[in-house]
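**Q** Sequence:
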Amino acid sequence: MLVKQISVFLENKAGRLAEVTRCLGVNGINIRALSIADTDDFGILRLIVDRPAAAEKVLRAAGFMVSETDVIAVEVPDRPGGLAEVLDILGTAGINIEYLYAFMGVPSHGALVIFRVEDCAAAMQTLKTHQIRVLDGAEVYAL
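Numbers given in my numbering equal positions in the sequence shown, counted from 1, plus 136.
Hints were generated in silico from the structure; no laboratory data involved. Mixed in with the good hints, there may be bad ones.
BS3-like, lysine-lysine: derived pairs with alpha carbons at most 30 angstroms apart [claimed, not checked]: (1) Lys264 x Lys140; (2) Lys149 x Lys193; (3) Lys193 x Lys264.
Computed beta-carbon distance windows for the label pairs [to be verified]: (4) Asp224 x Asp176: 31 to 41 angstroms; (5) Ala198 x His266: 33 to 43 angstroms; (6) Thr265 x Gly217: 11 to 21 angstroms; (7) Ala197 x Gly217: 36 to 46 angstroms; (8) Pro213 x Ala278: 37 to 47 angstroms.
Model, not experiment: these values are computed from the prediction. Just so you know, even glycine gets a beta-carbon here, dropped at the ideal spot from N, CA and C.
Model the full structure from these sequences, guided by the hints.
**A** Shown next as structure tokens:
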């Protein structure tokens, strides 16, 4: 049920993000979701792509510093307060959220949110117990 996230460490300068996206594009790798966190000197680009192993390989070959992280994709009720409900469930269970970001443009699903948590297995079990849908990697990559 885990989703593989690719993180790319980038110098904070013009054109670096375009280089990553171009590299993925020319290799036929489709970006499904992304997030960027930055400081004055560098940024961390977090990506969900349709072929994570291939993305990691081509980005490394292009000279980018890349890592892979397990995250979970959660279907959040698409209504006011839906995210708060999921966050309350995780908080009550004592599960810390390191970061999250939205997964856009997903037809026939509630809103999808990518979560990085301290304990993926505990988070998935807690969410399932509360009838919150957690998508597996293959399902997310195919969206």
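**Q** Verify the proposed pairing of Lys264 with Lys140, using a straight-line Cα cut of 30 angstroms.
**A** 20 angstroms, holds
**Q** Between the beta carbons of Thr265 and Gly217, is the distance compatible with 11 to 21 angstroms?
**A** 20 angstroms, holds
**Q** Measure nothing beyond the straight line between the CA atoms of Lys149 and Lys193; if it is 30 angstroms or shorter, mark the hint as holding.
**A** 23 angstroms, holds
**Q** Hint check: Lys193 vs Lys264, CA-CA at most 30 angstroms. Holds or violated?
**A** 33 angstroms, violated
**Q** For Ala197 and Gly217, compare the CB-CB distance with the range 36 to 46 angstroms and indicate the outcome.
**A** 45 angstroms, holds
**Q** With 31 to 41 angstroms as the target window, see if Asp224 and Asp176 comply at their CB atoms.
**A** Taking Cβ atoms as reference, Asp224 and Asp176 lie about 35 angstroms apart, which means the hint holds.
**Q** Quick one: are Pro213 and Ala278 within 37 to 47 angstroms, going by C-beta?
**A** 22 angstroms, violated
**Q** Evaluate the given range 33 to 43 angstroms for the C-beta pair formed by Ala198 and His266.
**A** With Cβ atoms ~42 angstroms apart, the hint holds.
Checked against the numbered hints given earlier, this structure breaks hints 3, 8; the rest are met.
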